[in-house]
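Engineer: Sequence:
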Amino acid sequence: MGHARALLGLKNTTRLRPVRDAVVRRRLSVRRTEALVLRENTSGENLERPSPACSSIETALESTLGARVRFRKKGSRTTCTLSFPSTERFRSFPEKLGIRPDALPDGGHP
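For the sequence shown, this note's numbering gives the first residue as 9, with consecutive numbering after it.
Some hints here could point you the wrong way.
Only pairs whose alpha carbons sit at most 27 Å apart, straight line, appear in this in silico DSS-like list of lysine-lysine [stated by the list, open to error]:
hint: 1; residue 1: 19; residue 2: 81
hint: 2; residue 1: 104; residue 2: 19
hint: 3; residue 1: 81; residue 2: 104
Just so you know, these hints were derived from the structure itself, not from any lab.
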């Protein structure tokens, strides 16, 4: 019963099933379920998508860099997140920006 009560605390009801499935799959305790619900409720708090023009910039950067690109806006600050599908793509990233790997302190290795 404690798990159900914790899940009822979700603000975004469309996340109920995915969170419930995660609780069952990971066999979370009630306390860990409460912590997961808290993270879910605060993870996107006050975040909004930047202007529609950012979508075209994201797409252009993704094709150029070979990475997933996402912009998020919070207040007057916009954050750009890059996610690389492999270490090899990450290592090629500086070159795509015109930076030689040998110019980097660690040779461009993560």
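Engineer: Determine for every hint whether it applies to the structure shown.
Structural biologist: Tested hints:
Under the criterion of a C-alpha separation no larger than 27 Å, the hint pairing residue 19 with residue 81 is consistent with the structure, at around 20 Å. The straight-line distance between the Cα atoms of residue 104 and residue 19 is roughly 41 Å, outside the 27 Å bound, and the hint therefore fails. Restraint check for residue 81 and residue 104: satisfied, since their Cα atoms lie roughly 26 Å apart, inside the 27 Å limit.
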